[in-house]
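Q: Residue numbers (numbering that gives the first Met the number 0), protein chains in the order written: chain A, 0 to 148; chain B, 0 to 159.
There could be a bad hint or two in this list.
[Unchecked claim] Beta-carbon label-pair distances, calculated as ranges: (1) A:Gly32 / B:Gly31: 31 to 41 Å; (2) A:Thr43 / B:Arg146: 23 to 33 Å; (3) A:Pro135 / B:Arg47: 17 to 27 Å; (4) A:Thr112 / B:Thr65: 36 to 46 Å; (5) B:Asp76 / A:Thr36: 47 to 57 Å; (6) B:Asp104 / A:Ala88: 18 to 28 Å; (7) B:Glu39 / A:Arg125: 42 to 52 Å.
[What the hints assert, rightly or not] Only part of the chain A face toward chain B is listed, based on derived beta-carbon distances under 10 Å: (8) Asp15; (9) Ala61; (10) Thr127.
[To be verified] In silico lysine to any residue, SDA-like type, Cα no more than 25 Å apart, as pairs: (11) B:Lys149 / A:Thr20; (12) B:Lys45 / A:Asp59; (13) A:Lys46 / B:Arg98; (14) A:Lys85 / A:Ala114; (15) B:Lys149 / B:Gln123; (16) A:Lys136 / B:Gly48; (17) B:Lys150 / A:Ala118; (18) B:Lys28 / B:Asp5; (19) A:Lys85 / A:Glu126; (20) B:Lys149 / A:Ala62; (21) A:Lys136 / B:Gln7; (22) B:Lys45 / A:Thr20; (23) B:Lys150 / A:Gly32; (24) A:Lys136 / A:Val107; (25) B:Lys149 / A:Ala73; (26) A:Lys46 / B:Asp29; (27) B:Lys45 / A:Pro113; (28) A:Lys46 / A:Ala93.
Calculated from the structure, these hints are not laboratory results.
From the three backbone atoms N, C-alpha and C, an ideal C-beta is built for every residue, glycine too.
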Amino acid sequence: MTLDDKDRAILNRMQDDLPLTSHPYAAVADELGLSETELLERLTRLKEDRVITRFGPFFDAAAMGGAFCLCAMAVPAENFETVLTKVNAHPEVAHNYERTHRLNMWFVLATETPAGIEAAADAIERETGIDVLRFPKLQEFFIGFRVAA
Amino acid sequence: MIDTTDRQIIEALQGGLPLSPTPYAQVAKDLGLQETDLLERLTALKARGVIRRIAAAPNHYKLGMTSNGMTVWDVDDACITKLGAQIGALPFVTHCYERPRALPDWPYNLFAMVHGTNCDEVEQKRAEIAAILGDACRAKDILYSTRILKKTGLRLKKKG
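So here's chain A without its partners, still in its complex pose (with noise of 0.2 Å):
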């Protein structure tokens, strides 16, 4: 799909947090001068086409008791697929990107408590029979994933 400046106008300001009032869309339709139906209908476009992957809360899973951990596994290009869909079936892989490296497949595991990283690195490792390199993160130093549109 084609955007258009009030889809990048609107997909800026939805990287940024939306109030928690009643009526939450309307007014960030009222800062970016749309009406609230037109942005209604252009989110719901936006997802669809998939341009918005997700819309909603971005939980942080340690500050509810829980951890995060960046993974990696080198997977041999022969068995990619089937490797994935097992790494894929476990819920604790909130995402998944496939990297140029011998490292190649690389994903974050969010669990409730810290011992579930363990557990679910463990299983995929038990699974897959390949090694899950762990690196969770010593120190952040920034966080604020937003694209100019």
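For chain A, the structure is supplied; the task is to place chain B on it using the hints.
A: Below, chain B alone, put in the same frame as chain A:
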């Protein structure tokens, strides 16, 4: 840490917030709560950092950001806190973390995500990072993402 009601709220919202005029009223009704109660609980969850923000997760590829590189660096441990903060403050770096090395395979301890419309743009940004790190950086690499394999965010396991 979170009570049963908070948990039900998180479960109801982890797939996303409804795109309708009164999304919180709709979710509250499904949970048998008053809208005001739900808004109060969400406000409290946000104050505690359980909710970071309520926002859109964009698809970089569809926004023309087809070149997405995870730059990785082996930085002298003595300088990592100072240099990491400098790299994280760069406007084009969207995530920046210190992580443990996995020797001997993986000597890198600083991870910074850089996005661009093409590889040249990403490489140019990567060179800016290299210039800041200078001699404190002993080795470096970049891993481009070639495919999104999953992107769902946090999912609580069903209990019981």
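Q: Hint by hint, note whether the structure agrees.
A: Each hint tested on the structure:
1. Look at A:Gly32 against B:Gly31: about 37 Å separates their beta carbons, and that is inside 31 to 41 Å.
2. Taking the beta carbon of each, A:Thr43 and B:Arg146 are about 26 Å apart, inside 23 to 33 Å as hinted.
3. For the pair A:Pro135 and B:Arg47, the beta carbons lie near 21 Å from each other, so the given range of 17 to 27 Å is met.
4. Take A:Thr112 and B:Thr65: their Cβ atoms lie about 37 Å apart, and the range 36 to 46 Å holds.
5. As the Cβ distance of B:Asp76 to A:Thr36 is approximately 55 Å, the hint placing it in 47 to 57 Å holds.
6. The hinted window of 18 to 28 Å between B:Asp104 and A:Ala88 holds, with their beta carbons roughly 26 Å apart.
7. For the pair B:Glu39 and A:Arg125, the supplied restraint of 42 to 52 Å holds, since their beta-carbon distance comes to about 43 Å.
8. Nearest Cβ of chain B to the Cβ of A:Asp15: about 6 Å, under the 10 Å cut. The hint holds.
9. A distance limit of 10 Å between C-beta atoms decides the matter here; for A:Ala61 the minimum to chain B is near 8 Å, and the interface restraint holds.
10. Here the hint on A:Thr127 is broken, as its CB sits about 14 Å from the closest CB of chain B, past 10 Å.
11. Taking the CA atoms of B:Lys149 and A:Thr20, the gap is about 31 Å. The hint is violated against a cut of 25 Å.
12. Only pairs whose Cα atoms come within 25 Å are accepted, and B:Lys45 paired with A:Asp59 is accepted, the gap being roughly 10 Å.
13. The suggested pairing of A:Lys46 with B:Arg98 is violated, with an alpha-carbon distance near 33 Å, which exceeds 25 Å.
14. Only pairs whose Cα atoms come within 25 Å are accepted, and A:Lys85 paired with A:Ala114 is accepted, the gap being roughly 20 Å.
15. With a C-alpha separation of about 28 Å, the suggested pair B:Lys149 and B:Gln123 falls outside the 25 Å cut-off, and the hint is violated.
16. Taking the CA atoms of A:Lys136 and B:Gly48, the gap is near 17 Å; set against the 25 Å cutoff, the hint holds.
17. Under the criterion of a C-alpha separation no larger than 25 Å, the hint pairing B:Lys150 with A:Ala118 is consistent with the structure, at around 21 Å.
18. Restraint check for B:Lys28 and B:Asp5: the C-alpha separation of about 15 Å stays at or below 25 Å, so the hint holds.
19. Between A:Lys85 and A:Glu126 the alpha-carbon distance is near 7 Å, which keeps this suggested pair within the 25 Å criterion.
20. Between B:Lys149 and A:Ala62 the CA atoms are separated by roughly 23 Å; this keeps the pair inside 25 Å, and the hint holds.
21. Restraint check for A:Lys136 and B:Gln7: not satisfied, since their Cα atoms lie roughly 28 Å apart, outside the 25 Å limit.
22. Note on B:Lys45 and A:Thr20: the hinted pairing holds, with a Cα-Cα distance of about 14 Å set against a maximum of 25 Å.
23. Straight-line distance between C-alpha atoms of B:Lys150 and A:Gly32 comes to about 31 Å, which puts the hinted pair past the 25 Å bound.
24. Restraint check: the Cα-Cα separation between A:Lys136 and A:Val107 comes to about 11 Å, which is no more than 25 Å; the hinted pair holds.
25. Using a Cα cut-off of 25 Å, the hinted pair B:Lys149 and A:Ala73 holds, with the two alpha carbons roughly 17 Å apart.
26. With a C-alpha separation of about 22 Å, the suggested pairing of A:Lys46 with B:Asp29 holds against the 25 Å cut-off.
27. With a C-alpha separation of about 21 Å, the suggested pair B:Lys45 and A:Pro113 falls inside the 25 Å cut-off, and the hint holds.
28. Restraint check for A:Lys46 and A:Ala93: the C-alpha separation of about 18 Å stays at or below 25 Å, so the hint holds.
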